[in-house]
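Protein chains in written order, with our numbering: chain F, 1 to 260; chain G, 1001 to 1294.
Among the hints, a few may not be true.
Unchecked claim - With a straight-line cut-off of 20 Å between C-alpha atoms, the simulated DMTMM-like cross-links for lysine to aspartate or glutamate are:
id, chain 1, residue 1, chain 2, residue 2
1, G, Lys1116, G, Asp1219
2, G, Lys1123, G, Glu1213
3, G, Lys1291, G, Asp1064
4, G, Lys1123, G, Asp1134
5, G, Lys1123, F, Glu156
6, G, Lys1116, F, Glu156
The set of hints was computed from the structure by calculation and includes no laboratory data.
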Amino acid sequence: MKGILRRYASTGSALLLGTAGLAIFTGLWALAAAKLNNEVLLPSPLAVLSTYAELLTDGSLLGDVRASIFRVFAGFFIASGIAVPLALILAYSRVLRGLVMPLIALIRPIPPIAWIPLAILWMGLGDPPSYFITSIAAFFPIFLNAFAGGTSLQHEHVNAARSLGAGPGALLVTVMLPSALPMIVTGLRIGLGQAWMAVVTAELIAAQSGLGYMIQISRLSLETPRVLVGMTVIGLLGAVMIGALGVLERRVIVPWNHPH
Amino acid sequence: MARRTSPNDFRATRLPAATPPAARVAHLHVVGSDDAATIEATPRLHLDNVTVRFNARAITAVEDVSLSIGPGDFVALLGPSGCGKSTLLNVMAGFCPPTRGTVYLDGEPLSAPSAKCGVVFQKHSLFPWMTALDNVAFGPRRLGMPDPRRIAQELLNTVGLGAVANAWPSSLSGGMQQRVGIARALATRPPVLLMDEPFGALDAQTRSLMQEELLSIWDRFRPTVVFVTHDIEEAIFLADRVVVMQAFPGRIAQEFAIPFPRPRATDIMDDAKFIERRREIADIIRTEARKSFR
Chain F
1 MKGILRRYAS
11 TGSALLLGTA
21 GLAIFTGLWA
31 LAAAKLNNEV
41 LLPSPLAVLS
51 TYAELLTDGS
61 LLGDVRASIF
71 RVFAGFFIAS
81 GIAVPLALIL
91 AYSRVLRGLV
101 MPLIALIRPI
111 PPIAWIPLAI
121 LWMGLGDPPS
131 YFITSIAAFF
141 PIFLNAFAGG
151 TSLQHEHVNA
161 ARSLGAGPGA
171 LLVTVMLPSA
181 LPMIVTGLRI
191 GLGQAWMAVV
201 TAELIAAQSG
211 LGYMIQISRL
221 SLETPRVLVG
231 MTVIGLLGAV
241 MIGALGVLER
251 RVIVPWNHPH
Chain G
1001 MARRTSPNDF
1011 RATRLPAATP
1021 PAARVAHLHV
1031 VGSDDAATIE
1041 ATPRLHLDNV
1051 TVRFNARAIT
1061 AVEDVSLSIG
1071 PGDFVALLGP
1081 SGCGKSTLLN
1091 VMAGFCPPTR
1101 GTVYLDGEPL
1111 SAPSAKCGVV
1121 FQKHSLFPWM
1131 TALDNVAFGP
1141 RRLGMPDPRR
1151 IAQELLNTVG
1161 LGAVANAWPS
1171 SLSGGMQQRV
1181 GIARALATRP
1191 PVLLMDEPFG
1201 ALDAQTRSLM
1211 QEELLSIWDR
1221 FRPTVVFVTH
1231 DIEEAIFLAD
1241 RVVVMQAFPG
1251 RIAQEFAIPF
1261 PRPRATDIMD
1271 DAKFIERRRE
1281 IADIIRTEAR
1291 KSFR
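Isolated chain F (complex conformation) (with noise of 0.2 Å):
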């Protein structure tokens, strides 16, 4: 009883602060936007505020919204669907990983928004390019994690399920797979929040809807406010997505990795 009372009371602070903090930086804001007096060159939070309202009701900030969910999800599980498969097979087989490392670690230093020509020459704009590049941004962080939740299999593991009667296809299932788990599991976390990253990027150049696209004609007719509020919900959806990811890593995925 105790224990639950001091963690509402733990959460209840934290939550204190963290609005306490997102008041005194908006209070700020205000401030230096009353100062500075150009709505161009930064919009009051009130401004930001209606312009929000504004987009919201003639329905064009879901429909980006929605544009570029899609977008992340789809480069985020063709990236994981890719990823995972092949960091564990390479974990696990070591002329594969001979011949495949070496390409891997000459791709990974090559950012994604470098693939943008190629991707708009092969696929065009719209869609295809966007999926493209946010599944190349979130593909090596799945993947090196992923890699090493693989090559982290411990002796002791697999030598008690062999002598308690675990064949290879048990060991795979009960041993191999739990024991990457965690591991593949930041990877997702991290590859999420570069496929947020990308698919602003991508949609910058290469699309022609969704919050980069939004952000990006914003810019050019100088709706400052518009370019804020894409800004924003980028940052918040973020946040939510990859705090929901957190939640059900550590209550269903890996619950053996966080007792308490």
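Use these hints to put chain G onto chain F, whose structure you have.
Chain G in isolation, oriented as in the chain F frame:
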């Protein structure tokens, strides 16, 4: 049993190192009818000139070790680190194939890990992604035994951990984790229990409690136990036979019979014979260690 003659007859029971199987059979032949003697004479575990060489490191970890272990024996493998005692245990468990020689389990050559041998590791061998109960139920599930959860719960009760069946291993203390490890190894009712310094990472008090606990568990199930340790008192307290190993290369230096009656309590550690045997074994280990220093 022929091995445990008189509890006080220490000198007579001292065996030469690496008793050849034939000699051991003859030794066991003394009691019982011929049939019974033949059954008893088949060693549960028999190591025939086992050599393990790690070519990558150019190390001969174990050289020409022969050892016979009868059903229900409690054998301690004792020696300094690097003497190959853990490697020898891994060979018996089927984790590490010998470079030369053969291991026989119930007369059959052993080539892979067998569910007949339960293994308890030094530490960190519980599956962290399973609760204590699921760790113990793992073996019964893999072997298709009926009602694995009930088997696991009963074993956890036996080792005094029935109340924390649903805890994750990471939330248990080191001693509790080792008890779960012992329960897990016993869950498939293996005739052989191989223990690799299972209490080596525990503090002295917990260690002493665990030794007594182990003896009471052993008394209940009576498996054949091979117990690796570098602690002389632990070896004498627990085992019927203490096999002292030497390093570089790993060989059997000498074997001692420990005919203290069972059940044993910690007060035998104050017994003059216990102390004498401890000194004797310590001398051997020191002599061997000095040799390998040159």
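Verification of the hints:
1. G:Lys1116 with G:Asp1219: Since the Cα atoms of lysine 1116 of chain G and aspartate 1219 of chain G sit roughly 19 Å apart, the hinted pair holds (cutoff 20 Å).
2. G:Lys1123 with G:Glu1213: Distance of about 18 Å is within 20 Å: holds.
3. G:Lys1291 with G:Asp1064: holds (19 Å)
4. G:Lys1123 with G:Asp1134: holds (18 Å)
5. G:Lys1123 with F:Glu156: Satisfied, since the Cα-Cα distance of roughly 9 Å is no more than 20 Å.
6. G:Lys1116 with F:Glu156: holds (18 Å)
When each numbered hint is compared with the structure, no violation occurs for any of them.
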